[in-house]
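Assemble the whole structure, with the sequences as input and the hints as a guide.
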Amino acid sequence: MNESVLPMLVPVAWYQVLAAVLFAIGAMGVLFRRNILVIFMCVELMLNATNIAFVAFARHLGSLDGQIIVFFVLAVAAAEVSVGLAIIIDVFRKRGTVDLAAANILKG
Amino acid sequence: MWIFFLLALLVVAGALAVVLLPNPIHSALMLVFTLMATAGIFLTLGAQFLAVIQVIVYAGAIMVLFVFVIMLLNLRAGEGGEESLHRKTGLGQILGIGLAALLMLQIGLLVLTGKPSLLKSIHPAAELEAQAGGHSQAIGLLLYGKYLLPFEVASVLLLVAIIGAVALSRRHLVIGPGRDESTEEVP
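As you go down the protein sequences, you meet chains A and B in turn.
Mapping of the first sequence onto this note's numbering: residues 1 to 108, in sequence order.
Mapping of the second sequence onto this note's numbering: residues 1 to 187, in sequence order.
One thing to keep in mind: the hints can contain errors.
Some chain A residues judged to face chain B by a derived CB distance under 8 angstroms, without partners named [what the hints assert, rightly or not]:
id	residue
1	ALA24
2	GLU44
3	LEU45
4	VAL55
5	ALA56
6	ARG59
7	GLN67
8	VAL81
9	VAL98
10	ALA101
11	LYS107
Just so you know, these hints were derived from the structure itself, not from any lab.
The C-beta atom is built at its ideal place from N, Cα and C for all residues, glycine as well.
So, in structure tokens, the structure goes:
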């Protein structure tokens, strides 16, 4: 371990604060931006925030299970990105834009 | 300790840049920066293997996919290439600010009145890794032992995602009346 290199003096609550700030920034991005690609990147930011929270709690509890969860989050994020980008390309082909206001086919 | 604050500053600055920069390619590059800084955060938590996976899979594969799609779409200013951030505030903006404020309030309450163990230093996981003989070995044993079924389910999920992405990318897929292009087959 790298205890000698990096002394673990930071409380886990500060990691949670960082994760919450990152999640809030991502959520704001999803709600503020109109570009579908950027909204997708903000979803990645939110997933990243949960990853930080998982790893920090895994460290806090002295267990590796939280890090395993991060692996599954990574797998789900990869699946989500591949399907989502395919949908974005399809929307762009149909509408000629990636503005969210153009994706209103399902609007009743 | 200072390295955590440096990395946290980089992560938050990168995330703000992702949200605030008008050009999607700049957002994508700042997101790569943020993910790299997050890998550094993982290193301070003793998760070396996850840090490497974060760089390879997230900052490497997933972000290359993003940049590739941005390049493929070749956006110009009118169709979402550049986006004006100065619009009138709507319901979504008010909800967003309220959500962020609520999150900050909860975290503040957690830090101030929560369990005192959360404010102590982080538990050293060194003994757990020492008895397993290395970090990646410990993770591998856990992944292929206790979490074998979720692991296989994740592989099925990735297979479904591949098939879904291929099916959605086919050009002749007709979904609804919004179609305004010709529907010819593409070899």
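Consistency of the hints with the structure:
With its C-beta approaching chain B no nearer than about 4 angstroms, ALA24/A sits inside the 8 angstroms limit, and its interface hint holds. Against a cut-off of 8 angstroms between C-beta atoms, the interface hint on GLU44/A holds, since the closest Cβ of chain B lies about 6 angstroms away. Evaluation of the LEU45/A hint against chain B yields a held restraint, the C-beta minimum of about 5 angstroms falling below 8 angstroms. About 5 angstroms separates the beta-carbon of VAL55/A from the nearest beta-carbon of chain B, less than 8 angstroms, and the hint is met.
Annotation: ALA56/A was flagged as interfacial toward chain B, and the flag holds, the nearest CB pair being 6 angstroms apart, inside 8 angstroms. Taken as an interface hint, ARG59/A checks out: its beta carbon lies about 5 angstroms from the nearest beta carbon of chain B, inside 8 angstroms. This hint holds: GLN67/A has a C-beta 5 angstroms from the nearest C-beta of chain B, less than the 8 angstroms allowed. Taking 8 angstroms as the C-beta contact cut-off toward chain B, the hint placing VAL81/A at the interface holds, the least distance being around 5 angstroms.
The beta carbon of VAL98/A comes within 4 angstroms of a beta carbon in chain B, closer than 8 angstroms, and the hint placing it at the interface holds. About 10 angstroms separates the beta-carbon of ALA101/A from the nearest beta-carbon of chain B, more than 8 angstroms, and the hint is not met. With 8 angstroms as the threshold, the beta carbon of LYS107/A stays out of range of chain B, its nearest partner Cβ sitting at about 11 angstroms, so the hint is violated.
When each numbered hint is compared with the structure, violations occur for hints 10 and 11.
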